[in-house]
Structures are given as C-alpha cells and as structure tokens.
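Enquirer: Spelled out, the chains give:
There are 2 protein chains.
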Amino acid sequence: MDANADADTVTKTKVTALPGDGIGPEVMQATMRILEAANAPIEWEMAEAGAEVFKKGLITGVPRETLDSISRNGLALKSPLETPVGFGGKSANVTLRKHFELYANIRPVRELPGVTTPFSGRGIDMVIVRENVEDVYAGIEHMQTTTVAQCLKLMTAPGCERIIRAAFALAAAEERKHVTCATKANIMKLTEGLMKRVFEKVGPEFSEFKQDHIIIDNCAHQLVIAPEQFDVIVTSNMNGDIISDLAAGLVGGLGIAPSSNLGDHAAMFEAVHGSAPQIAGKGLANPTALLSAAIMLLRHISAFEVAETVEQALFITLAEGKNLTGDLSPKGHGVGTAAFTDQVIANLGRSSNLPSRVYSKLELKAWPELTAHTEPDTRELVGIDVFLESGLGSEELGRSLEEIAQDTPFRLNGVSNRGVQVYPATGGQTFLVDHFAARFMLKQPIPLNASSANGQAEISYLVQRIGAKFAWMHIEKLQRFDGKDAFERPQGEG
Amino acid sequence: MDANADADTVTKTKVTALPGDGIGPEVMQATMRILEAANAPIEWEMAEAGAEVFKKGLITGVPRETLDSISRNGLALKSPLETPVGFGGKSANVTLRKHFELYANIRPVRELPGVTTPFSGRGIDMVIVRENVEDVYAGIEHMQTTTVAQCLKLMTAPGCERIIRAAFALAAAEERKHVTCATKANIMKLTEGLMKRVFEKVGPEFSEFKQDHIIIDNCAHQLVIAPEQFDVIVTSNMNGDIISDLAAGLVGGLGIAPSSNLGDHAAMFEAVHGSAPQIAGKGLANPTALLSAAIMLLRHISAFEVAETVEQALFITLAEGKNLTGDLSPKGHGVGTAAFTDQVIANLGRSSNLPSRVYSKLELKAWPELTAHTEPDTRELVGIDVFLESGLGSEELGRSLEEIAQDTPFRLNGVSNRGVQVYPATGGQTFLVDHFAARFMLKQPIPLNASSANGQAEISYLVQRIGAKFAWMHIEKLQRFDGKDAFERPQGEG
Chain A
1 MDANADADTV
11 TKTKVTALPG
21 DGIGPEVMQA
31 TMRILEAANA
41 PIEWEMAEAG
51 AEVFKKGLIT
61 GVPRETLDSI
71 SRNGLALKSP
81 LETPVGFGGK
91 SANVTLRKHF
101 ELYANIRPVR
111 ELPGVTTPFS
121 GRGIDMVIVR
131 ENVEDVYAGI
141 EHMQTTTVAQ
151 CLKLMTAPGC
161 ERIIRAAFAL
171 AAAEERKHVT
181 CATKANIMKL
191 TEGLMKRVFE
201 KVGPEFSEFK
211 QDHIIIDNCA
221 HQLVIAPEQF
231 DVIVTSNMNG
241 DIISDLAAGL
251 VGGLGIAPSS
261 NLGDHAAMFE
271 AVHGSAPQIA
281 GKGLANPTAL
291 LSAAIMLLRH
301 ISAFEVAETV
311 EQALFITLAE
321 GKNLTGDLSP
331 KGHGVGTAAF
341 TDQVIANLGR
351 SSNLPSRVYS
361 KLELKAWPEL
371 TAHTEPDTRE
381 LVGIDVFLES
391 GLGSEELGRS
401 LEEIAQDTPF
411 RLNGVSNRGV
421 QVYPATGGQT
431 FLVDHFAARF
441 MLKQPIPLNA
451 SSANGQAEIS
461 YLVQRIGAKF
471 AWMHIEKLQR
481 FDGKDAFERP
491 QGEG
Chain B
495 MDANADADTV
505 TKTKVTALPG
515 DGIGPEVMQA
525 TMRILEAANA
535 PIEWEMAEAG
545 AEVFKKGLIT
555 GVPRETLDSI
565 SRNGLALKSP
575 LETPVGFGGK
585 SANVTLRKHF
595 ELYANIRPVR
605 ELPGVTTPFS
615 GRGIDMVIVR
625 ENVEDVYAGI
635 EHMQTTTVAQ
645 CLKLMTAPGC
655 ERIIRAAFAL
665 AAAEERKHVT
675 CATKANIMKL
685 TEGLMKRVFE
695 KVGPEFSEFK
705 QDHIIIDNCA
715 HQLVIAPEQF
725 DVIVTSNMNG
735 DIISDLAAGL
745 VGGLGIAPSS
755 NLGDHAAMFE
765 AVHGSAPQIA
775 GKGLANPTAL
785 LSAAIMLLRH
795 ISAFEVAETV
805 EQALFITLAE
815 GKNLTGDLSP
825 KGHGVGTAAF
835 TDQVIANLGR
845 SSNLPSRVYS
855 KLELKAWPEL
865 TAHTEPDTRE
875 LVGIDVFLES
885 GLGSEELGRS
895 LEEIAQDTPF
905 RLNGVSNRGV
915 QVYPATGGQT
925 FLVDHFAARF
935 MLKQPIPLNA
945 SSANGQAEIS
955 YLVQRIGAKF
965 AWMHIEKLQR
975 FDGKDAFERP
985 QGEG
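Residue numbers (the working numbering), protein chains in the order written: chain A, 1 to 494; chain B, 495 to 988.
Don't take each hint at face value.
Okay, the calculated bits of chain A under chain B, using three or more residues with CB under 8 Å as the criterion [as the list claims (entries may be wrong)]:
#1 27-41
#2 212-222
#3 432-439
Distance condition first, Cα-Cα at most 25 Å in a straight line; then the derived PhoX-like pairs of lysine-lysine [stated by the list, open to error]:
#4 A:361 x A:177
#5 A:189 x B:584
#6 B:671 x B:855
#7 B:978 x A:189
#8 B:671 x B:704
#9 B:978 x B:506
#10 A:196 x A:210
#11 A:196 x B:584
#12 A:55 x B:683
#13 B:683 x A:90
#14 A:331 x A:361
#15 B:978 x A:90
#16 A:484 x B:584
Bear in mind the hints are in silico, worked out from the structure with no lab data behind them.
Note that the coordinates shown come from a computational prediction; the quantities given were computed from them, not determined experimentally.
C-beta: ideal position from N, C-alpha, C; glycine also.
Whenever a hint applies, use it, and build me the whole structure from the sequences.
Expert: So, in structure tokens, the structure goes:
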C-alpha cells in the first residue's frame, strides 16, 4: 500500500507497519483501509516480524530490515506477533520493546459506547502508564541450588524518573487532573520504595495535578470497587502488567484494548490482544484494538483532527450496534471484518454522544543515552552477604560460619533462610531450604572512595575460607552510601 | 472471657485471640459473643500484639508471651494490627506469618446474599491459595549503586510443592473440582516457571481435579471478565497479594473478607481489612470479616456444625438486610456493631437460601523442618556474572573487561545493562544505568562435585583483576547442574 493515488498536499509521515501473525494481517488491512478513507497523513512501510521469521531460524523473531525501518521512521504500528514454541527463547514483542528502549507503556482504559460490562455507565476513563523495561522483566535469573531459583528485580532511579515524568507529560497532554503512583513500597523498601520516593521528589514540579500514592494490592482492589476514581496510574513493570489487563477487563476486555510503547527514539502502537489463530484467515476478527492504537498513533504525530474523525466514526459504529463483529454482537448477528470496516468508513464524519477527549502533543523529556554515574560523598564497605548451599541445620551451619570468620576482619552477624533470620535462633519455626544467606560485617568499615580495590583482600580471604568448606554461589557487598546502609535487614534481625 | 459458665461436656479447644488495634477489639468482642451464643467449643486465651507493643519499644510488635501462646495452642484468631510509623521496620503481621512459617494464605471469595456488587448473581465462589513466605517478600534488598536497587525474588521447589499440595488438599476438603495455577512463567522461566513445573509434576497425583495453568496478567483480566470460571487458584506470593485483593473486591470488598494462614505448626485466622482508626471505639465497625475468619477456624478444628450454624445466621442476617452496619446499609440506616451482633445471634438456628458448602477436614502434608539437600549427579562451574558500577559507555567498558579477562581462565561473553546485552553491541538503543552485568565464561568448565573449593582460585584471580579497575558489588556463579545451564541468558545474546 503506497501513497494515496489522489495524493493531497499534506506531507505524509512514514510509519513501519508489522502485519504480524494470526488475525494480524486482517486487522492491519482493515485499519489501513479506514485510515486511508479518512485521509490520514501516513505512508506505510511494510515489515516482517514474528512466527515466520522465527521459523526461518532468526531467534529474535525480528529481522535487521525491520529494526532498520523502525529506526529510520521512529514509528511503528504492530499487529500481534507469535513466538512459536521451540523457536528462540525470548518473545519478539519483548525484543522490540527492549531494542528501542520503549520504556513507557501507555494503556488507555475508557468505557466505550455500546460495549456493555458490569461497570457500564460509571464513566471509567483512565490511563495506566506502565514502566516497560525494568523490574523482574530484566530476566536475570540464576538457580542458586538445584531447588532454589532467583530472579533479580532491578529498579533504577533514572528508570523511575523517566516513567513518572512520562505520566505527568501524558496527564498534561490529555488535560487530566490526577496522577496516582502504585507500588509495593511497604514491603520492598529499596526497589518499589525507590519509585515512590522518586514520585514524591519529582511530583512538586507538577503541582497542577492532584497526586497520591497507593499500595498496589489496594489499587487492584479499588479498580474493581470504584474504578472511576482513577485518572492516571503510574506503576512498575510487573504491577503494571497485571493491573493494565485487569483494567482493560473493566471496559470490555483485551480484544478492544490499544496501547502505545514510547521511548526516546521510537514509538510503537499496538493491539494488546493475541494473534487468535483459531479465527485467523476467516475474515471474522474485530479490528477495534488496532484501529484504536492507530488513533493513538495519529495523535502522536499531531494529526488530531483525523484522529478525532476516525475515533468518532468508531464510537458511533459501536454505539449504533449495526454491523459489529461477532465478539460484540448477540450470537449469530456478527458480521465479518470487512463489513465492520465498511461501516466505520461509512460513519466517517459523524459524531457520537461520547466526545473525544482534548489532546495536545505528548512531550517526553529527552534523556542522555548514558545516565550520569553519581558517586556518593562517602562510600564504605561494611560487610558482605554470602549466599551458600548447605544441607546442615541452622545451628550447626551458624557455628561453623562463626568459626570461619574468626581470625578474619569480619564477624558473622547472622544467617537467614529466604530472608528470615535462623541463626542466632529467634524461636521461629522456619522451614529451611538448602540456600542460606550469611551476613558478615567488617569489624572496621573500609572506605571505598579512594579505590574500588579497597577491601578486595579482606573479602577474598573470607570467601576462600568459606569456599573451602561450603559451596557459595552468590556474593553481595554491603555498602554504606553517605553514611546510610545500602541494604535491608532480614526478618527477625534484632 | 473464660470457659462458658454452663460448661457443656464438649472438650474446648484453646485459641489465642489477638484483639489488635483500631476497630480490632470491637470486632473481636462481637465475634466472641456470637461464637459463645452458638456454643462454639473454643476457649480463648487473650494476647497482645500491634501498635501498643511497638510503642513499648519491641520492634517486632509481637511479645514473647504472644508467640508462646500461639505456639502452645497452634491456633490464633487475629484482628488487624498496626505498625505505627517510626516504630520498627517490619510489620507485626509479617512477623507472625514468618515466625510460624504460615506458608499458605487461604482467601475464600464467595458472593454473599444481600451484598450487591456489579457481579451479583453470577455465583462467584472461589478460593485463592497464595504462597505466603517466599518470592519478593523475603525482603532481601541491596542498593547496587546509588541509583540502582535490587530485590531478590526467591522461589523454591519445596516452597512451590507445599503450596500446590495445600491447594489440592483444600480443593478436596471443600469438594471443589478445578485447580488453576497462575504464574508469570512466560517471562520468569526459572522462578515463576518453577511453580508451573512443580504444578505439572504434582498435579497428576490429584487427577480427580480439572487442572490448568494461566498467565497471571490474563488471570487478573479473566477475574473481572468471567470470575465465575474459577474454583481454586494457586499462585505465588506477590501475584497472590494482588489478585486476592482484586477478587475480594468482586464480592463486596476487603471489609468483609476473611483469610487463614496455615503452616505445619500453627494456623492463624484473620480479617483482611485494616484497623480503620477513623471509626475505632465508636461501636460502628462491621465484624463480618473477623466472624467469617472465625467460621474458617471452626471448620479447621472440625466443628463443622457450629460453623454452619454461625455461617447461616450471618448469611440470613445479610440477606434480610435488617440491622446491618453502615457499610452495608443505605446511608443513614446503619446500626452499630452491637445491634448487628445481636441480630446475628437472634438468627442462630435459621437457614438462608444460600447453602453452606460441604466441608471436611483440610489435611496438609507435614514437612520436615529441614528439606533434603539434593546434590545433582554432575555439577560444573561454567563462569561467573560480575555486577559492577561504571560511568563508562558500553564499548569502552566491554573492551576494558575483555582485556582484564586475558591471561585468566575466563573469556568475556558479554556485558548487559538491566538484562539487555550492550556489549558486543546489538544495535539496540539501550538506556544505560551505572550498573552492568559482565558475564565471564570459563574456557574450560570446572567440575564442582569433588570439592566446592574447586574454581575458587580462578574466580579469585579474575575478581581481583576486575576490582583493581572497577567497583563490583555482586557476583553470581554460573553453574551447570546435570548438564543443564542453571542460569538465563540476557536479552539480545545470540
């Protein structure tokens, strides 16, 4: 599909289109037809990704030409991609997100006319802004023993700041009033707590918005009790994954949910749903989600009027309920993708009872590729945590480690099992797995500012002694930055 | 409150009662009155925990006498506890859970008569079985740099097996038909994947139940789209935290939600709601949640008939809507805690239209305190991951680390930033934080079976060389158990 034959004088924006797998090509074609009929100022550049690419042997599922096309255009509209079982390990969707550092996942959740749910009539209209690249999604996992698995949950101050600023920028662009930060800061004080602290630090710059923090489990609860209270929710990756799908369910489900993925170098717009292989190729798919993603894309390139025309045509089509696809119709009354598409096109120029929101350009702060490394004023090494494998009971293990620490610059502070102190005994009835964390504190903290090599000899000496008797698999330095402990204490430590 | 004056011949079971904070004492008193009126075979032993205890300076919030009482009785009924800001770091609730290793959090979610929600009439009746002590709740957190926070997500095979067996045991005890395991195994293959694998391994022993696995975000979605499809859901700690509060919202909210926390040595029954300080002491609180928890307790001690009598009295009270507390009444028509309690007592012996489910004793498998350490047949050290802090760009850093590895038994495999490979470059536009993972592979794997000291010298030599130039803070051994890599690859690694 090239430039419109009746080329108008408007400059067209090039967008990479990924028709993807399953129903992907059908909903892509429908979306393109509607956008063409609406004279959307877009020129498509078709590109491959997904199942066929995996099957050709490329384990990322995304060929170089596709990456180059998105790099060049900075914009992509993407249908669902499959990662076929047995080909490559990582999903093509995650590859695209990480390759272009698309850190902000924007998930609008708005009650649509004609789409009846248990929450209809309550005027749900919120956006969930999900951090899209950090957290447990870093995928850094190590089996610590044959039975104990570990995943690193990483959250960073610049990562939190980026997504929080994106949430305020979005609130400004959509004339929203209220930004809620949802975390599990009460339990994970350093990681989830970091997002809360950054929110509280950055928030005052955006004092025109009502701001609050909510614990993520309460947020999930409130989303089903009183969803209309939310306007913009900003949250970390895993939390956002769960609540964005929850919230989509409140207004009709993933089948009609669009999303955008924004970064400094590119923006990708997509349907949230999967490739629905069971109805692929039958002309039955509902293109609403991808069309809604395309409307987000139009607004992203400041084509606000065309976006509103298409959105109102979609709204009135849904509201009137004529020629809807099977998923939105009473049984036996659904039409095919083509008839629905024709209906939306026929409705171009008409307005629904639900006005489009007022939008202006979403301006994301630009970030340097390399974040400044911040050296604290003072930095001390105060100890190390050594994670080791043992079938011993905690008393025997603790005493043995105490002995090992003798004649070293360290003393054993305690031993914990899955975060609960088991030596010295607290009287708790902890079930022991074969993975212990032994915390050794330096009798005398060692300043680290002068040279990172400081403390090496001491650590090495202790670890050698431990390794002679126990199988360790993981070491963490315990540091103090600017006089403040940069680590948490285990449960039960006095 | 001692043994009933009209002591009948039934042997009474001693239960530790924690009246707790805020509205806690009021709902506890109401619950005790109803149970006494129903001749429940319970003798209460009152114990302290919560805000007052923290304020006396005990940083756990739970005095020794309380721990001893629960240890002795093995049973507790607990009202909400507060962790006042500024006293102690960890919550008293978490302390109790971890001290007694109460690994199974049982959250029944059932539509109640008279409690109207958007989902009323759909017959929601499920139980969420949440793992209660592992996962990110281990609270093991380390600042890796001044801007990068890390939390360890730990999941263990015995931990997963315990909770999965508990879910099947519960399904059997409540004559349920269908157990769904909800994880994020598609992203976290080693940790969340472990729970899925254990479910698939243990499941066949319980072939009388329908069994399936669902991705947690889809589970949250389905819970608001079609909650009536679920019967028993078993899931990991963080996932369970979110979806159990979500699910409670579907049937009327946390205000009326009970839960139990089960372990090998004790069981604790509680209301899920908080201490509601704003209405504390006013005689307005709704005791339904704690009363429902007490009903669970009665069934736990096999007092099935009394449990049903109390449950039916509660159901009919709610159904008839006479003398309900303010939270369940039209504005201005609520009564106080005492009047509601009197009404439930007056209804003892009557039955509602909603039958109680059929229950039998929930039999949990007993576990040894110390799990067997499983040594793989072969164990090799194949490399190490060194996490280090640097303000360098990835090319410069990568080349420098490659140089360091020269003349060591290792070669640099690659460098990643938050799980995405940045050296050798993949062309991706990764935003760099000052925390890198350098993966060094041994040119020749080292067998570890013979002695855990094997490889020590090699690691020590490499780490010394790295430490001379870079500030590392975290090391992970890369092992191969029985010929299988015990670690995941970063995104982008070819």
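Enquirer: Hint by hint, note whether the structure agrees.
Expert: How the hints compare with the structure:
no., hint, verdict
1, 27-41, "violated (count 0)"
2, 212-222, "holds (count 6)"
3, 432-439, "holds (count 5)"
4, A:361 x A:177, "holds (17 Å)"
5, A:189 x B:584, "holds (10 Å)"
6, B:671 x B:855, "holds (17 Å)"
7, B:978 x A:189, "violated (35 Å)"
8, B:671 x B:704, "holds (6 Å)"
9, B:978 x B:506, "violated (55 Å)"
10, A:196 x A:210, "holds (15 Å)"
11, A:196 x B:584, "holds (18 Å)"
12, A:55 x B:683, "holds (22 Å)"
13, B:683 x A:90, "holds (10 Å)"
14, A:331 x A:361, "violated (41 Å)"
15, B:978 x A:90, "holds (18 Å)"
16, A:484 x B:584, "holds (18 Å)"
Taken one by one, the earlier hints fail for this structure at numbers 1, 7, 9, 14, listed in ascending order.
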